[in-house]
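A.B. asks: Each chain, letter by letter, is given below.
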Amino acid sequence: NAGVTQTPKFRVLKTGQSMTLLCAQDMNHEYMYWYRQDPGMGLRLIHYSVGEGTTAKGEVPDGYNVSRLKKQNFLLGLESAAPSQTSVYFCASSLGTVSNQPQHFGDGTRLSIL
Amino acid sequence: SQQGEEDPQALSIQEGENATMNCSYKTSINNLQWYRQNSGRGLVHLILIRSNEREKHSGRLRVTLDTSKKSSSLLITASRAADTASYFCATGMIQGAQKLVFGQGTRLTINP
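Top line first, the protein sequences correspond to chains X and S.
Everything in the first sequence is counted per this note's numbering, starting at 84 for the first residue and increasing by one.
Everything in the second sequence is counted per this note's numbering, starting at 13 for the first residue and increasing by one.
Isolated chain X, as found in the complex:
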């Protein structure tokens, strides 16, 4: 039982390039989330999904897009990478709403934009 798996673990991009971060969970969770973590800022929610085929904006959605075509996968896309998007990205999932369920996190993707 792998839990939440993120790929890739590390990536370096040039400004203007695009890429997709993949998150996969094997716990049959309905809810999935993408966060970014920057020094001294804690975790900030980018986008989230409450079920297959649904997505919603979080606190810092600009410059990112997401898709949830399959229940187990949640993809985060950067269309035109900018240095301000250099960060560590975490995916999480939960069985139900966070009002009564904890979130399970992957180990992160460390992304550098040059």
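One thing to keep in mind: the hints can contain errors.
Pairs of lysine-lysine, DSSO-like flavour, derived with a Cα cap of 30 Å [to be verified]:
1. S:K68 <-> S:K81
2. X:K140 <-> S:K38
3. S:K82 <-> X:K140
4. X:K140 <-> X:K97
5. S:K38 <-> S:K82
Every beta carbon over 12 Å from chain S, so not counted as near; a handful from chain X, in silico [claimed, not checked]:
6. V87
7. L96
8. Q100
9. N111
10. G125
11. N148
12. K153
13. Q155
14. S163
15. Q168
16. G191
17. I196
Hints were generated in silico from the structure; no laboratory data involved.
Just so we're clear, the structure is a prediction, and the values are computed from it rather than from any experiment.
Ideal placement from N, C-alpha and C gives every residue a C-beta, glycine not left out.
With chain X's structure known, arrange chain S on it following the hints.
C.D. replies: Relative to the frame of chain X, chain S by itself:
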């Protein structure tokens, strides 16, 4: 904007001592959760305490919640070197129940 603020930002103690971390928040919550993050890893859930609960225990962890003061504390008793990590509080809001809002974390170092 960050909902939770944690205090202290960093804490260094000797192995065997108790460690206390505090979290304050601004708006009404449904629940408050504590997570641990080891260096280079993702967050791991520790305890969830609901707004109608005052105290919760899990092994060496004790969490209290005071909704009148909008604050929570995490106590780790008899600390071990393996407890060295960053600890985050996260609030589940009454409105926007799908989301957690994280604090900036407390960096705990346990010295052998």
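A.B. asks: Just to be careful, I want the Cα atoms of K140 of chain X and K97 of chain X compared with a cutoff of 30 Å; is the pair within it?
C.D. replies: Roughly 25 Å between the alpha carbons, so the hint for K140 of chain X and K97 of chain X holds.
A.B. asks: Under the criterion that the straight-line Cα-Cα distance not exceed 30 Å, is the pair K68 of chain S, K81 of chain S satisfied?
C.D. replies: holds (17 Å)
A.B. asks: Looking at Q155 of chain X again, its CB stays over 12 Å from all of chain S?
C.D. replies: holds (17 Å)
A.B. asks: Grab the minimum beta-carbon distance between S163 of chain X and chain S and tell me whether it stays above 12 Å.
C.D. replies: holds (26 Å)
A.B. asks: With d taken as the least Cβ-Cβ distance between Q168 of chain X and chain S, does d exceed 12 Å?
C.D. replies: Its Cβ never comes within 12 Å of chain S, the nearest being 19 Å, so this holds.
A.B. asks: Please settle this one: V87 of chain X was flagged as non-interface, so is its CB more than 12 Å from every CB on chain S?
C.D. replies: violated (7 Å)
A.B. asks: May I ask you to check that G125 of chain X keeps its beta-carbon over 12 Å from the closest beta-carbon of chain S?
C.D. replies: violated (4 Å)
A.B. asks: Confirm or reject the statement that G191 of chain X sits farther than 12 Å, beta carbon to beta carbon, from all of chain S.
C.D. replies: violated (6 Å)
A.B. asks: Starting from K82 of chain S, check that the Cα of K140 of chain X is at most 30 Å away, please.
C.D. replies: With Cα atoms ~27 Å apart, K82 of chain S and K140 of chain X stay inside 30 Å; holds.
A.B. asks: For a C-alpha distance cap of 30 Å, please report whether K140 of chain X and K38 of chain S respect it.
C.D. replies: Given that 30 Å is the threshold and the Cα spacing comes to 22 Å, the pair holds.
A.B. asks: Is it correct that the beta-carbon of N148 of chain X has no partner in chain S closer than or equal to 12 Å?
C.D. replies: holds (19 Å)
A.B. asks: Since I196 of chain X was said not to touch the interface, does its Cβ keep a gap of more than 12 Å from each Cβ of chain S?
C.D. replies: holds (20 Å)
Going down the numbered hints, you'll see the structure goes against 6, 10, 16, while the others check out.
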